[in-house]
Amino acid sequence: MLVAALAKLDDGTYEGIFNASTGLNVFKGIRFAAPPTDSLRWQAPQKPKQSTSPNITATAFGSVCPHSFRAGQSSRALPSDMSEDCLFLNVYAPHNGSGLPVLVHIHGGGYGVGDGRQDLTNLITANGNTFIAVSIQYRLGAFGFLAGDEVFRHGVVNAALLDQQFALQWVQDNIDEFGGDPRKVTIFGISAGGGSVMLHDMAYGGTQGTSLFNNSISFSPYLPQQYNYNDWIPTQGYYAFAAHAGCAATWAYGNTSETIFQCLVSKDTDTLQAASNAISSSGLYGTWAFLPVTDGDLVPSRPSYALFNGKLNGVNQLTSNVAEESFVFVPQNIESEECLRTWIRRVFPLFDDQDVSALLLQYPHQDSSGKRARHATSGTSSPSALGTSATASGYQQLANLVYAESTFVCPSYWLAQAYNTEGKRGFKKQFSVPIALHGYDGVALFGNTRLSIHGDELVSALQSAIGRYVRTGDPGWLPYTSPEYPMFNVNQTGGREVPVESTLDPSLNTLGASWSIGPDLHVDFSIVNGYTWEGGRGARCEFWKQIAAKVPM
Numbered sequence: 257m258l259v260a261a262l263a264k265l266d267d268g269t270y271e272g273i274f275n276a277s278t279g280l281n282v283f284k285g286i287r288f289a290a291p292p293t294d295s296l297r298w299q300a301p302q303k304p305k306q307s308t309s310p311n312i313t314a315t316a317f318g319s320v321c322p323h324s325f326r327a328g329q330s331s332r333a334l335p336s337d338m339s340e341d342c343l344f345l346n347v348y349a350p351h352n353g354s355g356l357p358v359l360v361h362i363h364g365g366g367y368g369v370g371d372g373r374q375d376l377t378n379l380i381t382a383n384g385n386t387f388i389a390v391s392i393q394y395r396l397g398a399f400g401f402l403a404g405d406e407v408f409r410h411g412v413v414n415a416a417l418l419d420q421q422f423a424l425q426w427v428q429d430n431i432d433e434f435g436g437d438p439r440k441v442t443i444f445g446i447s448a449g450g451g452s453v454m455l456h457d458m459a460y461g462g463t464q465g466t467s468l469f470n471n472s473i474s475f476s477p478y479l480p481q482q483y484n485y486n487d488w489i490p491t492q493g494y495y496a497f498a499a500h501a502g503c504a505a506t507w508a509y510g511n512t513s514e515t516i517f518q519c520l521v522s523k524d525t526d527t528l529q530a531a532s533n534a535i536s537s538s539g540l541y542g543t544w545a546f547l548p549v550t551d552g553d554l555v556p557s558r559p560s561y562a563l564f565n566g567k568l569n570g571v572n573q574l575t576s577n578v579a580e581e582s583f584v585f586v587p588q589n590i591e592s593e594e595c596l597r598t599w600i601r602r603v604f605p606l607f608d609d610q611d612v613s614a615l616l617l618q619y620p621h622q623d624s625s626g627k628r629a630r631h632a633t634s635g636t637s638s639p640s641a642l643g644t645s646a647t648a649s650g651y652q653q654l655a656n657l658v659y660a661e662s663t664f665v666c667p668s669y670w671l672a673q674a675y676n677t678e679g680k681r682g683f684k685k686q687f688s689v690p691i692a693l694h695g696y697d698g699v700a701l702f703g704n705t706r707l708s709i710h711g712d713e714l715v716s717a718l719q720s721a722i723g724r725y726v727r728t729g730d731p732g733w734l735p736y737t738s739p740e741y742p743m744f745n746v747n748q749t750g751g752r753e754v755p756v757e758s759t760l761d762p763s764l765n766t767l768g769a770s771w772s773i774g775p776d777l778h779v780d781f782s783i784v785n786g787y788t789w790e791g792g793r794g795a796r797c798e799f800w801k802q803i804a805a806k807v808p809m
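The sequence shown runs 257 to 809 under our numbering.
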């Protein structure tokens, strides 16, 4: 049965829905910031205007932010309800709750796509309705991450991260009205959501402490190349975007009548969205064009430096990666050392030949007779991920591994290490259930769109671990510290092995790979040494830290 649920805030009384079958009050489409349109484009978020109505309906999701797809991504239809007026959040709160911990979900999508419509109901009810969950939206693509000197001088860079901070402050100011405790907030994200969490962990040099959150969770924290806001690549993106939007400079210098920035502010949403999507989807395969930059303030420096040379916000961090992070982000046509070297130089444009050779010493080619592996590696014995995986082998596997470790895996390792200092704790996990593609741990965790490869035991255990961490700051295993470097490895046994048939990633279906489906799937959890895992992953992550300035990361 569905009945009205009420929450009285300073700007009015919000009318959500109480679902008697779940015991949750659900409020959708709560505006936390003013529409970032017109003169507020590329500016810090502002408080919304006071509602003229004492009662505000909160039963439907707000519009999604304009999308920009990655390069090499198959064409998809854009959401029908995109709008720049998209700074909304949603609250899932147990009925009659009081003083409950709070989980804030920051969605992923490469900073170019995604929305806050993830249904968090199952995660809450699986934990006995013992916490509140909030999902937020933020500006995407060029709307959220346009950078360059002119943007910095006339507006703000990293506008989307400021949106997220603004939403977190809204939680601090208002969550008690929904039965939550603002002193018990955990922020959580997967992929770009996990990368966002990492950036908030180090935001403002760690000076925020626990003012916005106590604990954080980063699954597959996305760390694309992070340039200074006025470096050549963000600047090139700015001018390419402006040209596509009809704001190209027609003078060499000295014109002060109108800046390119002012021209962009004057354009309509459709023009800017088309320009953002065109530039983002025309770059290097698997990448987005508009990404977080180092601004010296909110993002004070590169994560590889900031995580180990400054203070961190919050108290505890739970971080994770999956076994097959990069399959969808790397072109699957790398069949020789020459192809591998060429690809590396394209992905890391600041590398010289010496850097490439040093990298390949860390990733030696192992003969696999050119055959696709049909089973994932064990992680603790040969063959390791250096030679094979569930999706590739040989030089292709090396390319996949280079991208996975530099972009997702090593940032996760660094987070776990960085939090094990000064009274903080960092916990490490890997999701290894074959085929463990990027984001599949989230599919299992939320439990809404179930895959047949994820058994009931697995889903229940993952949900319980996250619930425990939200409530206590402890997932149930030891922090990631030397010399054992304990990492929680999540796997499964049993079931029936069948050829892969995936609707989420149809390209998997041509690999000749297999996975196990239910019934009779059972969890297979173990504590492993994360440093020696997969042929010495910890040492490879140390290498990436040493060379990080030339990535940059």
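Among these hints, one or two may not hold up.
Derived lysine to any residue pairs resembling SDA-like cross-links, with alpha carbons at most 25 Å apart [said to hold, decoys possible]:
| # | residue 1 | residue 2 |
| --- | --- | --- |
| 1 | K680 | Y495 |
| 2 | K567 | S738 |
| 3 | K801 | K523 |
| 4 | K680 | G465 |
| 5 | K567 | K305 |
| 6 | K303 | L265 |
| 7 | K264 | D294 |
| 8 | K305 | G465 |
Please keep in mind that the hints were generated in silico from the structure rather than gathered at the bench.
To see whether the hints hold, each was checked on the structure:
1. K680 <-> Y495: Status violated; Cα separation ~43 Å.
2. K567 <-> S738: holds (20 Å)
3. K801 <-> K523: Violated, at roughly 41 Å.
4. K680 <-> G465: Within the cut-off at roughly 12 Å; holds.
5. K567 <-> K305: With Cα atoms ~36 Å apart, K567 and K305 exceed 25 Å; violated.
6. K303 <-> L265: Roughly 14 Å between the alpha carbons, so the hint for K303 and L265 holds.
7. K264 <-> D294: violated (30 Å)
8. K305 <-> G465: Between K305 and G465 the Cα gap is close to 30 Å, so the pair fails against 25 Å, i.e. violated.
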